[in-house]
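First to last, the sequence lines map onto chains U and F. Here the numbering used here = 1-based position in the first sequence + 126. Here the numbering used here = 1-based position in the second sequence + 188.
FYI, nobody ran anything at the bench for these hints, they're computed from the structure. Heads up, the beta-carbon is just placed ideally off N, CA and C, and yes, glycines get one too. You can trust all of the hints, since none of them are fake.
Listing some non-contacts, in silico: residues in chain U with all C-beta distances to chain F over 12 Å:
no., residue
1, VAL416
2, ALA556
3, ASN565
4, GLY678
Covered stretches of chain F, going by a simulated chain U footprint (3 or more residues, C-beta under 8 Å):
no., region
5, 199–208
6, 211–223
7, 271–280
8, 298–312
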Amino acid sequence: MNIRAKLIISLVAVAFVPCALMLVLGLVRGQVDPLALAICGISLLIAIGVAVLLARTLSLPFADFAQYLNELSVGTVEASVSDRTYRAATEYANLASLLSATMVKLGNTHAELEQQLDERAHELDETVHALTATKEEVERLNNVTIDRELKMIEIKASLREARKRLGEPTQTPVAAEEVPAEEYHDPEQGRAAMLNILDDLQTEKKLLATEKAKDDAILRSIGDGIVVADGRGTITFLNENARTLLDLSEVDNESNTWAQLPTMLDPKTNKPLAIEELPLYKAVQGQSVVKQALLIQDEEIPEGRWVEMTATPIMVAGMPLGGVATLRDVTKEQQVDRAKTEFVSLASHQLRTPLSSINWYAEMLLAGDAGELNDEQRTYLDEVYQGNQRMVDLINSLLNVSRLELGTLAVDPEDTDVIALAQSVLNELAPEIKHRDINLETTLDPTTPHMLADPKLLRMVFQNLASNAVKYTPIGGSVSVQVVPDGDDITITVADTGLGIPKTEQSRIFSKLFRATNARESDTDGTGLGLYIVKSVIEHAGGTIEFTSEEGKGTTFYVRLPKSGMKEKAGTKSLS
Amino acid sequence: MTQPTDKHILVIEDEKPMAKALEIKLGRLGYQVTVVQNGVLGLEALEHDTFDLVLCDLIMPKVDGFGVLESIRERGLAVPVIVMTNLSQEEDEARAMSLGARDFIVKSNTPIADIMDLVNTTLA
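Next comes chain F alone, as it looks inside the complex (with noise of 0.2 Å):
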């Protein structure tokens, strides 16, 4: 547990285990966090609420990860995403970023540990 708690993070994740995981993990660092788990709800949060970072999966159903991007770069919305998937095309990576993604990392090859690490240096 650490000091930083007024740092909001929404996470937008369908699948509940990692959502779970990132959520105690986020939550022990001491960040605020919030769960949804499409892109729709994302996006309705993201209207509703001033968020610090936002980490989003990619594959979700109604929106998905890459139409989140979008709108948030429609809206003009600065807060930093990073992009969290299982899809590890080329094709996939360039995509994103090129939406504006801070980041892009593959779950199955990233230690929960790193993305933590990742979250305390984009939000240092």
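Isolated chain U, as found in the complex (with noise of 0.2 Å):
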């Protein structure tokens, strides 16, 4: 149907509508005018006519215009259409050009739309997958907090136990930068932030357990036995060589350990030491670096096995915290050095046979017993009788040392007078000190107290430290002793103007059988034993002994004893 025919259908039905409403109301009243009647025929065909024309008129311009259109959409215009239509119809193709191409436009947006949509409905998935993911890493997270928490307070609690057991305060002290949990307002920052120090407490509490664990192994690989004892000198770790050295393989707790110790002597008196005696005890009180040797009895060795231990306080922060201890096996050491000792003792008392054979027929033929000498014959005999006097003053020398080293030289204290014995030493010397030309100055103060001391061991002191003065010191040099008391020690200086120690020598002085450079070039006799006994028997006394000396100049001896004396020594051997 085309417009036309609309058009005239809606006219006539717009006129027929009252025409049609007059005759049914006139109808449902009963009442049918018959000039109603004609009005409405007459009507109706005037509305048809009308609608007709009507339709003719106005459907004409759209014709027009359907027709232009077509013609436009053909490339051929009829110039018949009028130029209003032609416009309208121009600007409507135009329009309808640009509805096509915004309807293309509006496809393609929409198909962009649409992938827009399906690539934001991905990420939106994705996103989805991700936040699920979070949340149960979260939970998970929430979990492990809890469990490391646990495990915090169960270390927080070791660390307090450890420390009650160590003797140290149990408060465990707050680090400067560690932020109290409250200071944290937002609960999210507080969260996060005790994570980060549960998760760094839980790097370092790693960290320090692997650190033990290595510390561990080296300790028990140590080829020395270690003990280590806490303040309160419980111990608290052994590793095997100390187990075994002390013969503890059968203690399964270290705490009892000094309960089941063995019972170790004093090498030097052969008596029990009680535990406050032994090094690692003595280092729990705070004393410095303490050396023991201690004899423990063996049944594999007749001799007992000789252990040496070396303990050393713990110090924190000047304070001390236990004691450690190595413990050496020296049974090897010092068997070797016993036999060696042995040895020479045995070969001092051998030599010495022959040597006083030699000194009685020299003294014998000096004395004339077999004719008078002239005196070459005198000169060359004496030289024999000096020589062999200081062959027996070298063995003696050499089987002092032995005693000494050995432990069994016997200490003997009586009362002693310091001043006399020194004014002995000094008569004594009195013909090398004139025939040298010396000049002597002795400060022996009579206020000086007797002291305890064995008075051949502290004569053997002055005689080595006077004589040696006097040797080696030029003809006119100058010697001084002095015997003062000081506090409560006696102080014997002992000081020449000889031939000095090399600086470089200093340090070997006291070494047996050194004898310094200058002192073997200057013709002296000696046996380069004299220091190291005269200190070995200063410290045996409980005394010190030090020097200043230069080479050229020379030298002063300062010896302390202590007033209370020398402690008496069981021992099996007296000075030769």
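Hints in hand, dock the two standalone chains.
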């Protein structure tokens, strides 16, 4: 149906509707007026005519428009189309074209939008997945956090227990940079911070555990025995070598160690050592390095097993927190040393007999028992006698050294007048002092108290120091001897203006058989044992010896002996 | 050479040079001297003769000086004994003295003249 037909029907319908209504009304009322019926018919006819006319008039431009559009679409334009219609059609066509283009664009845009929508939807899916995973991770972390917090509580409890055992204060100090949890006002921030701290603690804990395992492995692998005690003296660690050396293989709990220690003897006195006398116990009390040889009875070694214990306090911030001791089996060294010393002792005794014969016969010849000697014979024989006497002195010194080293030198203290003893030694040296024109200065303080000392040992100290001073001082030089009380000690100072000790050799001057280069070159006799014996004797007596020396200018020895005197010590051998 | 010829001294010494030196020196002082080389011979001599003094070494074969001292004590002999030795251990000296030795001298450290002085003093 074209547009014109539609218009006609519409107009007729418009005109016919009132007529139809009037007719229907009349029928309803039962009063159909024939005039009205005629008017309705005439009106209907007029309406149809008007409708056709109007329809034609009204539809014409549309028809033209449609025709023009059709022509436009096929490319031919009828000249008959009015200008207005033409312009309208043109505009319409433009609009249609624009509409079409717009539709295309809209279509494209729609496609793009759909694509973007798909992409967004995909991204959204991914985000949802990620969020789900994050949520699960957060839940897992929450669980881990709870576990860590529980472990931290356990660790802190263990630490408190450990500190308690070590005798430390149990309150854990707060680190300067540590922020109390309550200062985190934002719960999430606080939680995150706590997680970080827990992570750090966990990492530190692992590192500490690794380090501890490493330290334990090192301690267990050390060839020497290691024993560690806490601040109360309780043994907290024993490595395998320590267990072996101390016969503690059966000890399960280190804290019972003291009670199960074997009897340990002091090799010098051969008497059992009390626990308080052991180096580790002393170190726990804060004494610096303490070294002690211990003799442990051993069924397989008749002379016993020698163990050397060196203990040191464990100091933290200047406070002793316990002690650590190293143990070393020195049995073989002791056996070798003892054998060597006994050999020297035996050899010395064997050497003494022929030397005694030479001494006696030389003495008899010099005394004229075999007839008078001329001067030359006397000189030669005197050399033999003096040389032999030096040999006897050397043997005696070697014997003394072996006794000192064997620990068999007896100390027999008695009330001793140190001043009188010093004077006696100087009197013995008087001929030599005079012979060498030595200027002797003595300061022997008469207020010096008597002391408990073994006079033979003390004499040996004076003899060696004074005779060295005289021997190594050039003719016309000076020697001074001073004995004065000083507090709880008696000090002995022996100074000379002699050869002095070369600086590079001063550290060795108390070594066995050592003689300084300039002393050897000075053509003086000496065994190299005198100062070694002096130092050993002084240390036996609980004293000290020091010296200052400058080569070419002289030497001064400073001896300090406690007034309390020497302690008695049973020994099998006295001085030769 | 001095006067005392009535005093009889027994020297028990296994080292011949030492024994000879003592014999010479003591003889020159006028003493009558008997020298033996070990403890067994020394004890035999003590059994057969009377001595005024015994000079005795310690380390000797068969019976040593300690054995001689013990035997003298067991026999109840009053003869003084001077021990001469090259042992200088305190325990040796203490043991010898406890067994009745009058003196204890270390030979290498004692001039023979000092021994003669000691003998003179002991027999004076």
